[in-house]
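Student: Given chain Z, put chain V with the ligands in place with the hints provided.
Order-wise, the sequence lines are chains Z and V.
Taking our numbering, the leading residue of the first sequence gets 1, the next gets one more, and so forth.
Taking our numbering, the leading residue of the second sequence gets 1, the next gets one more, and so forth.
Some hints here could point you the wrong way.
As the list claims (entries may be wrong) - Simulated coverage check for chain V against chain Z, where a stretch passes if three residues somewhere in it have a Cβ under 8 Å from a Cβ of chain Z: (1) 87 to 95; (2) 100 to 110; (3) 148 to 162.
Claimed, not checked - Dumping the calculated DSSO-like pairs for lysine-lysine here, alpha-carbon to alpha-carbon at most 27 Å: (4) Z:Lys47 / Z:Lys114; (5) Z:Lys156 / Z:Lys207; (6) V:Lys76 / Z:Lys114; (7) V:Lys5 / V:Lys76; (8) Z:Lys114 / V:Lys73; (9) V:Lys125 / V:Lys108; (10) V:Lys108 / V:Lys73; (11) Z:Lys171 / Z:Lys156; (12) V:Lys230 / V:Lys5; (13) V:Lys5 / V:Lys80; (14) Z:Lys47 / V:Lys73; (15) Z:Lys50 / V:Lys73; (16) V:Lys37 / Z:Lys114; (17) V:Lys230 / Z:Lys114; (18) V:Lys37 / V:Lys5; (19) V:Lys230 / V:Lys37; (20) Z:Lys114 / V:Lys80; (21) V:Lys5 / V:Lys108; (22) Z:Lys50 / Z:Lys114; (23) V:Lys108 / V:Lys80; (24) V:Lys73 / V:Lys5.
Worth flagging that the hints you see were computed from the coordinates, not collected in a lab.
Cβ coordinates follow ideal geometry from the N, Cα and C atoms, glycine included.
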Amino acid sequence: MTDFTLQQIIYALVLGARWTVLLSLSAFILGGILGLVLMLGTISQRKWVKLPALGFIWLVQATPLLMQLFLIFFGPALFGKDVPAWMAACIALTLWSSAYLAEIWRGSVLAVQKGQTEAALSLAMLRGQALRYVVLPQAVRMALPPTAGFMVQIVKSTALASIVGFTELMKTGNILSNVTLDPFVVYGLVAIVYFCLCYPLSLVSRKMETVFDVTR
Amino acid sequence: MSLVKIEGLCKSFGGLEVLRDISLDVERGEVIALIGKSGSGKSTFLRCINGLEQMNSGTIHVDAEPVEADERKLQKLRLKVGMIFQQFNLFPHLTALDNTALALRVVKNMSAAEARAVGLARLEKVGLGHRADSRPHQLSGGQQQRVAIARALAMDPVVLLCDEVTSALDPELVEEVLQVIRRLAEEGMTVIMVTHEMSFARSVCSRVVFMHEGRLHEMGHPEEVFGNPKTPELRQFLGQTASAATAE
Ligand SMILES: Nc1ncnc2c1ncn2[C@@H]1O[C@H](COP(=O)(O)OP(=O)(O)O)[C@@H](O)[C@H]1O
Ligand SMILES: [Mg+2]
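Isolated chain V, as found in the complex:
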């Protein structure tokens, strides 16, 4: 069975249909780029996968664990799903190390020493072992996002959801974060990422999924999707991002 299995997912906010009958299977080790216009439902899609948004119909399984409304069942699911946000959402009252160690203690009942050891190992993995005692506001945006990645990795998730993780960063800080994700991908981590970094998607991702008006409009290998887009909507979208990139 696929690691992430989504069938017939529908989600509306009030009368607004945001996700329409989405089905997608993600295999272990795949790195999926979700692209599409703002408002096409990419964030909502990711947030349904870890239950931050409740779907109206459909089923989602991650590593055979179903997404359900019940809090305890959601907790079991979320142990398998890490999420990284555009705005980092680090805990400002805790040091980098405590950010990574908190959930290990609270959720996994590790001892303080054990949790710190795991947290420190993950910080080192993202190249920030030396900033373990820094508070988030003392770190650059790129460093904060790397701490957020370390925090998610500390829980040993089987899949990582990334929602525009470089969009809030100054251009010169984007690469250090992408670098970390590239390494995770090489190590076999399963990643579903919403991104505007087309060259990154092209070089790292195994599949690109184009969302349009709440549907998976077109998907395929990066070479196909970028080199030979089939639908006019995708062509238009790629044309716009290309001209936006050259205009910069």
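Just chain Z, same shape as in the assembly:
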């Protein structure tokens, strides 16, 4: 059995953390795009657009992320198709984030007072114009802090990808812990890396709550 220096462990963990960051970013960006589409769907006045969007959000929120990940990872295997772990993790986290982001943003849009839309409509704007020029600019400011807060959830949730064998930060920790037989040190270091990724995000989130007060 080989001995690892602390430096080597940290180096390996940082390499693993790159995948955590990449997975988080792609889940946030892709999930954000899909989430925006979903959110617009849920505020549509057409039932056949609104109901499927709400249904999807509800379905995702009512089931564990790990189960969704398993479905996407193991499901296609039944049809003889292999999905690589990274892809399954990326798809699952994207769908999962999109549902939660859509819900956050929907809340912000609905929180913009009805009087704002009515004032815009009274000025002869169309519904879409009122949304774009009056409601969304206010909703975005309201949505930024919880959105940054949700990014923390995404980063932490990427740890689940280790279960299907994707070698991100958590999985790297597993491997190192097995070879060094020193789980306390290894997972302690893993925790510190997660903290370094998440803490700035929560700081940003809290800071934005004061900066983006719409009335200021």
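Tutor: Frame of chain Z; chain V with the ligands shown alone:
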């Protein structure tokens, strides 16, 4: 043809009949005061005229433009109808000037410079040219309401709907807003306003309309309506507002 022509307007919310068979013709240049108890349907009536509420039956025309459910047709109608709200409803993320200029750019496709020029002219008209760069939260309630009036005027409407535009204001700020409306009236603007300011209605309005339980219960020249009310409901209503005014 009358500038605003309302025939057989009915509106219910669920089972609740709020407007019952209302017909009213408003001529160009008229200033109409709508009075009546809270819940009598005054706001709903105004909101039907610019299509914010959809009527159940009846017809409304403004300057020959019909109120219809279709969005594009509603837009054409709303270009002719300005609305001022009790709560101002200014856009908090925009300056006073951008509040007045936004719809000019978006709806009337004006260039930014053109829109700002028109917006600034309307702000000056309400005496707020010097506050063009202020955001709504930096303005007093009276100033905010004047910006809202400037914003509506910027679209060059043919009729202005005002729903209790001074009710959310501190008493000392009421007069500056009424002053602006009085001037508009003198310049010939057609106005339909829900108001509790009876002395203003008396001195400025050409006609007073008393709403009661969703109907136009009594209407006429202010002198008649206030001086010689015919129905017991109007007498009772005027008695109550008079005693409320003296109690203050
Ligand atoms: N969106 C709505 N849904 C249900 N009921 C409403 C709605 N808007 C108004 N109403 C009801 O209609 C009646 C008339 O309201 P409104 O037009 O606001 O009266 P006013 O402005 O004269 O006080 C009230 O009983 C009110 O509760
Ligand atoms: Mg009202």
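Student: List, from low to high, the hint numbers that the structure doesn't satisfy.
Tutor: Checked against the structure, the only hint that fails is number 17, while the rest are satisfied.
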